[in-house]
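A.B. asks: Residue-level listing of the chains:
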Amino acid sequence: MVSWRPGCSVDNLRKRTELLQKVRTFFQDRGVLEVETPSIARCPSIDLHLESQTVNPAINTPVRYLITSPEYHMKRLLCAGSGSIFQVCKAFRQDETGQRHNPEFTMIEWYRVDWDHWRLMEEVEALLQALLDCGKADRFSYGEAFQIYTGQDPFNLTPAAFRNCCAVNSLSPPTYLMEDTVSRDEWLNFLFGVLIEPHLGQHRPVFITDYPASQATLSRINPENEQLSERFELFYKGMELGNGFHELKDAKEQATRFEWENRLRAEAGKAVLPVDEAFLEALDYGLPDCAGIALGFDRIVMLALGQTSIDDVLTFPWNRA
Amino acid sequence: MYETSEFRKGLRVEIDGQPYIMVDNQFVKPGKGQAFNRVRLKGLLSGNVLDRTYKSGEKVDKADISDQSMQFLYEGEGIYHFMDNNTYEQVEMTKEQIDDNWKWLVEEMAVDVLIYKGQPVSITVPNFTVLEIVHCEPGMKGDTATSASKPATLSTGAIVNVPLFVNQNEKIKIDTRTGEYVERAKE
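In the order they appear, the protein sequences are chains A and B.
For the first sequence, this note's numbering gives the first residue as 14, with consecutive numbering after it.
For the second sequence, this note's numbering gives the first residue as 278, with consecutive numbering after it.
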């Protein structure tokens, strides 16, 4: 029997709503337009490691997908001339449950027209200070973070160096990382999640910038160094809070990346996903120069209220929904 | 089989032919990478601690293990005898298997016996129990405020720390999980 009671206390509920109001005030004061886009989309996000939950809106119609983020729809608005926009919405991800994960969660996503990711980071920092009473943020590159916490160069990590790094840190690598077909990015993601992320932002928020180009997803490649992407992530108190990009505008390049992700999915035995042609067509029409970020609102609430479990800041977490 | 999405503390799994209990489970999803679960397992037979990482969607075997309610009958020559009150089936366990629980065992106490592949492995006693003090230094009247304590020997032979105001021949309530005095037992 599922308890009828909410996961969070009424007091936390009230504080959560106050934080949400602060978010809206923050963007209203800066003239960023609030928008709403669909939760149910014709096409899913195409990412090797993101699974969309599916829905059947009607009998005998193709399956649709709950959004993993509102990115494609919001970019279509940007292409249509919306100017800078923000949204607070639900996002849905299959198989993501844990102390910091709920398969349905609240995201703050926004885009700044004519800004690059460096300028956007300053605004992210201002929002965090408005919500969390935290200090100024640090900035480290992905390469620096690896050097500091693992002593490894992520751009030249050999199999031997990976195994050695695991041994030095008493990590027995999971079997999937010992297969011949595994890509270097999987090692990097594992080491980042286990050896780096828990230490990031213990005292103040930290931006990790300059992710490898192989992990660019929807960001641009650094015009001066093709090894680097213009992607960043935000961490505070050992927890990832957000992921941002200087947004990729090139429709052809975007289509190639979708194909590439789908090829990786096929190799991993996962379903090949339908490509959102409307999104690609919008990029082809023209995305303004912009930077964007998605922040996990529930995690910000956790930090603001000193809670260690996401269940304590949700009205009805997954096991009570 | 349990899939990673079913992982939680207290889950009993079998790895390399040994039963383990999951004592910690952490879901990790690095940025845009493969999600995985970092789990800490404690050997139910060996007590060894094992750290493992599983890719999301991986499966592990369930341990062939169950809890059976039984009554403690008696101890003789280091062997502890228990009986299932429904089937009258009896099992025997050694003092090593009983572990620290000997401190709280009294005849007729209801315990949970962990059975692995048909063999008793360990027991769990109730969280709270009431036992009589058979020996301690005399109580000091009025000294109810300080946190000072003194050792007291219980009817089972176990020694626990009690507040100074508690007397010999009194019954006290104990938290068996921590082995600590809780309060004087209400008669």
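Worth flagging that the hints you see were computed from the coordinates, not collected in a lab.
By construction, the Cβ of each residue, glycine as well, lies at the ideal position given by its N, Cα and C atoms.
Accuracy of the hints is not assured; some may be wrong.
[Claimed, not checked] Okay, derived cross-link-like pairs now, BS3-like style, lysine-lysine, Cα gap no bigger than 25 Å in a straight line: (1) Lys332/B - Lys394/B; (2) Lys336/B - Lys283/A; (3) Lys250/A - Lys28/A; (4) Lys283/A - Lys149/A; (5) Lys283/A - Lys463/B; (6) Lys283/A - Lys309/B; (7) Lys103/A - Lys336/B.
[Stated by the list, open to error] Pair by pair, the computed Cβ-Cβ distance ranges are: (8) Gln295/B - Trp273/A: 40 to 46 Å; (9) Thr364/B - Glu31/A: 44 to 50 Å; (10) Pro172/A - Lys286/B: 52 to 58 Å; (11) Lys463/B - Thr38/A: 40 to 46 Å; (12) Glu280/B - Lys265/A: 35 to 41 Å; (13) Val300/B - Ala268/A: 43 to 49 Å; (14) Ser322/A - Lys463/B: 55 to 61 Å; (15) Glu280/B - Val195/A: 20 to 26 Å.
A.B. asks: Hints the structure violates: just list their numbers, smallest first.
C.D. replies: 1, 4, 5, 7, 9, 10, 11 and 14
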